[in-house]
Amino acid sequence: MQSQKKWRLNKKCLRSIYKGKMRKNFKNLKEGNNMNKKIITLVCSIFIISIIVLPSHSFAATLYSGFDGVDQYETIGGCDFGDRYGIEYVRNLNNALGSKFYNLFSYEDKYAWETDLTGSAANSVDFFAFAGHGVGATYLGNGNAAAHFFTQNSSSPPYHPSHQTDACNADWSEISWGGSDSDLKWVTMYSCHFLQNYGNQTYYNNLKHIFNGVHLVMGFASVMYLDPNEGTEYGNYISAGRSFEQAFFDAAEKWQKGHYDNTIARVMGAIKSQNDSYTSYSTDPDPWLQHPEEYDHWDRVINPT
Amino acid sequence: MKSKIKISKATIILLMVAFIGIAISGCGKTQTKLPLLKLPQWGGFTPHDFEVQLNADVSKLPGQATVYKVVPQKMDEQTVERLCKIFGVDISAVTIKDKASVVRRQNEKDLITYNDTGFYNFSTKNLFDYFPGKVVPPEEDCIKIAKSFAKKYNLLPKMYQYRIAIGAYTIYHPSFNESIITDRTVTFCPIINGKVIRGPNSIDITIGDKGEIEEVNNYLYNNIAPLKGDYALKSIDEVIKELKENSSIQWWIKPDEPDVKKVIINKVEIEYYGATGTSIKLEQPFIQPVYDLSGEVIFKNGKKGKFGVTVPAIDNQYIITGN
Numbered sequence: 001m002q003s004q005k006k007w008r009l010n011k012k013c014l015r016s017i018y019k020g021k022m023r024k025n026f027k028n029l030k031e032g033n034n035m036n037k038k039i040i041t042l043v044c045s046i047f048i049i050s051i052i053v054l055p056s057h058s059f060a061a062t063l064y065s066g067f068d069g070v071d072q073y074e075t076i077g078g079c080d081f082g083d084r085y086g087i088e089y090v091r092n093l094n095n096a097l098g099s100k101f102y103n104l105f106s107y108e109d110k111y112a113w114e115t116d117l118t119g120s121a122a123n124s125v126d127f128f129a130f131a132g133h134g135v136g137a138t139y140l141g142n143g144n145a146a147a148h149f150f151t152q153n154s155s156s157p158p159y160h161p162s163h164q165t166d167a168c169n170a171d172w173s174e175i176s177w178g179g180s181d182s183d184l185k186w187v188t189m190y191s192c193h194f195l196q197n198y199g200n201q202t203y204y205n206n207l208k209h210i211f212n213g214v215h216l217v218m219g220f221a222s223v224m225y226l227d228p229n230e231g232t233e234y235g236n237y238i239s240a241g242r243s244f245e246q247a248f249f250d251a252a253e254k255w256q257k258g259h260y261d262n263t264i265a266r267v268m269g270a271i272k273s274q275n276d277s278y279t280s281y282s283t284d285p286d287p288w289l290q291h292p293e294e295y296d297h298w299d300r301v302i303n304p305t
Numbered sequence: 001m002k003s004k005i006k007i008s009k010a011t012i013i014l015l016m017v018a019f020i021g022i023a024i025s026g027c028g029k030t031q032t033k034l035p036l037l038k039l040p041q042w043g044g045f046t047p048h049d050f051e052v053q054l055n056a057d058v059s060k061l062p063g064q065a066t067v068y069k070v071v072p073q074k075m076d077e078q079t080v081e082r083l084c085k086i087f088g089v090d091i092s093a094v095t096i097k098d099k100a101s102v103v104r105r106q107n108e109k110d111l112i113t114y115n116d117t118g119f120y121n122f123s124t125k126n127l128f129d130y131f132p133g134k135v136v137p138p139e140e141d142c143i144k145i146a147k148s149f150a151k152k153y154n155l156l157p158k159m160y161q162y163r164i165a166i167g168a169y170t171i172y173h174p175s176f177n178e179s180i181i182t183d184r185t186v187t188f189c190p191i192i193n194g195k196v197i198r199g200p201n202s203i204d205i206t207i208g209d210k211g212e213i214e215e216v217n218n219y220l221y222n223n224i225a226p227l228k229g230d231y232a233l234k235s236i237d238e239v240i241k242e243l244k245e246n247s248s249i250q251w252w253i254k255p256d257e258p259d260v261k262k263v264i265i266n267k268v269e270i271e272y273y274g275a276t277g278t279s280i281k282l283e284q285p286f287i288q289p290v291y292d293l294s295g296e297v298i299f300k301n302g303k304k305g306k307f308g309v310t311v312p313a314i315d316n317q318y319i320i321t322g323n
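Chains as they are written, first to last, in the numbering used here: chain A, 1 to 305; chain B, 1 to 323.
Just so you know, the hints here were simulated from the structure itself, not pulled from any lab data.
There may be inaccurate statements among the hints.
[What the hints assert, rightly or not] Incomplete in silico selection of chain A near chain B, CB under 7 Å:
| # | residue |
| --- | --- |
| 1 | Arg91 |
| 2 | Val223 |
| 3 | Tyr225 |
[What the hints assert, rightly or not] Reference listing, derived: stretches of chain A covered by chain B, where coverage requires no fewer than 3 residues with Cβ under 8 Å from a Cβ of chain B:
| # | segment |
| --- | --- |
| 4 | 70 to 84 |
| 5 | 242 to 248 |
[As the list claims (entries may be wrong)] One-sided and incomplete, this derived list gives chain B residues near chain A with beta-carbon spacing under 7 Å:
| # | residue |
| --- | --- |
| 6 | Thr46 |
| 7 | His48 |
| 8 | Phe50 |
| 9 | Val102 |
| 10 | Val103 |
| 11 | Asn115 |
| 12 | Ile171 |
| 13 | Tyr172 |
| 14 | Phe176 |
| 15 | Glu178 |
| 16 | Pro200 |
| 17 | Tyr219 |
| 18 | Asn222 |
| 19 | Pro226 |
| 20 | Pro255 |
| 21 | Tyr318 |
Backbone N, C-alpha and C define an ideal beta-carbon position, used for all residues, glycine too.
So here's chain A without its partners, still in its complex pose:
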């Protein structure tokens, strides 16, 4: 049993190295910049160190994290939604998590792509967070909210032909988190509207599609504010052994006190996973669409101060 687990984790490590760090560096190589030699050396080093070091981590049930953070929507991408503190948030979160999670990838700005959420990257880690712009279910015209990118699944221009371009939006219908081929348990979407259904049952049903075995998704059901310190606070609470739900709500309570209107922090997921912390967590739930009775959502309505 133990050897089977070790084999699985080793496979996971290799898969993750390939899909995570290798891909990021592949993005760099494609650009043909003069950092290529350094990058090749770095990739080789990471690979060799990983082969030597990671198997020993495997016995300790290592948890893996991955992040997408977008700042320069306007400066690089020409997206008039404007620049935001996406990178700072995920960096702070990653730092605060410290050694509790082994960080497999951190894609920033032009290296952050829609396919990181819709493809295998997010599903290859235990904890994934995105920070940047989000668009609500009313915006794209297909009843699905989305995480917004300025890239089109490439680090090279052309960027962002329009806000509605499919490759610039990872929408609910394209996302399937969790499942038999996935390690993903917890997701944080630090963006506006990602978990908002506007009281509309059709939107709510569309949203259920993303829950294919992921335990909990933390996010917002309203517009929100971005503050890098919230990443630090959230990561510290997680590291202190608090549940993901409490950690997310408490960090939001502190940093989302808007002055004019409510902010709604929302956690959605399996009832049995509500108290998941990084030290103690439930088994993988069945997909929401198969067992809707096993799912809830919890809201923290943060009133203006």
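Assemble the complex: chain A is given as a structure, and chain B must be docked to it using the hints.
Just chain B, lined up with the frame of chain A:
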């Protein structure tokens, strides 16, 4: 010789007069320079290329304001003992300890104390729990319970007055067909000289079943001290210029839609903002005044909405550039 003495006396007097003049004029050259206030960024659509109409009466706005500085504080042993007593956690029940914080966990209670800020978080296992028969008191009762708890244990620093906000935790399950409140949070926001201090500076008390205290989060520094000499504030023209340029400001627009054509400012107020950092460390120690603008927006399609904007108020000559 005499004339030389006379000249030097005159020079000394002249220098003294000049020195006193500079000091009285308060031209600010000697005032502490301040870091650029870091406001959280509004996640919604940011307007571009819009008209501004000022309807508010700005004639009575002050030209100067006091800036406050946080007096740093540490978590001392006495305070830890006191908190453990208040929340019923054994002081020896340490489960995690690092340079920045100590976590104590016992009897389904959890107390985190922060060494370098003096902040703390307490919570019980019942937080967010829903069970049939759970009764959360109505808002007014929760406010009374929170006030009484804070007073009993002397949790609110005396140097502020407080504005109270109340929020709620809810659970939604398809079988309920509605959201059910599982807890309510009473937030004590500090007020200094009649102006609220916004930002991550508050004490939050969460109340659950039958008035049980389920969580207390303290993110408030006990003392802030005024900096010497008031600071000149930006003129309203400068504020409107920054509003149009979208520089270092925080928007709020409802509905969250693009294509704002016109912003109509109906109200301008001065408040404070403290970007004091996380529970781990004090970031910007200054509590700075901000302009709070609010009013109407008109979108390009003719639809109307509301807006609010926060703009750092201190004149840019006192702000450290390049940070």
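Hint by hint, here is what the structure shows:
1. Arg91: Since chain B brings no Cβ nearer than about 14 Å to Arg91/A, farther than 7 Å, the hint is violated.
2. Val223: 4 Å, holds
3. Tyr225: With a closest approach of 4 Å, the Tyr225/A hint holds.
4. 70 to 84: The restraint on the segment 70 to 84 of chain A holds, since 4 of its residues have a Cβ under 8 Å from chain B and three suffice.
5. 242 to 248: holds (count 3)
6. Thr46: This interface hint holds because 4 Å falls under the 7 Å limit.
7. His48: Holds. Min distance 6 Å.
8. Phe50: 12 Å, violated
9. Val102: 10 Å, violated
10. Val103: With a closest approach of 5 Å, the Val103/B hint holds.
11. Asn115: 13 Å, violated
12. Ile171: Constraint on Ile171/B satisfied, holds at 5 Å.
13. Tyr172: 5 Å, holds
14. Phe176: 9 Å, violated
15. Glu178: 11 Å, violated
16. Pro200: Hint on Pro200/B: holds, closest Cβ of chain A at ~5 Å, below 7 Å.
17. Tyr219: It holds, given that the least Cβ distance between Tyr219/B and chain A is near 6 Å, below 7 Å.
18. Asn222: 18 Å, violated
19. Pro226: 22 Å, violated
20. Pro255: Where the cut-off is 7 Å and the nearest Cβ of chain A is about 9 Å from Pro255/B, the hint is violated.
21. Tyr318: Violated: closest Cβ of chain A sits about 24 Å from Tyr318/B, beyond 7 Å.
Consistency note: the structure conflicts with the earlier hints numbered 1, 8, 9, 11, 14, 15, 18, 19, 20 and 21.
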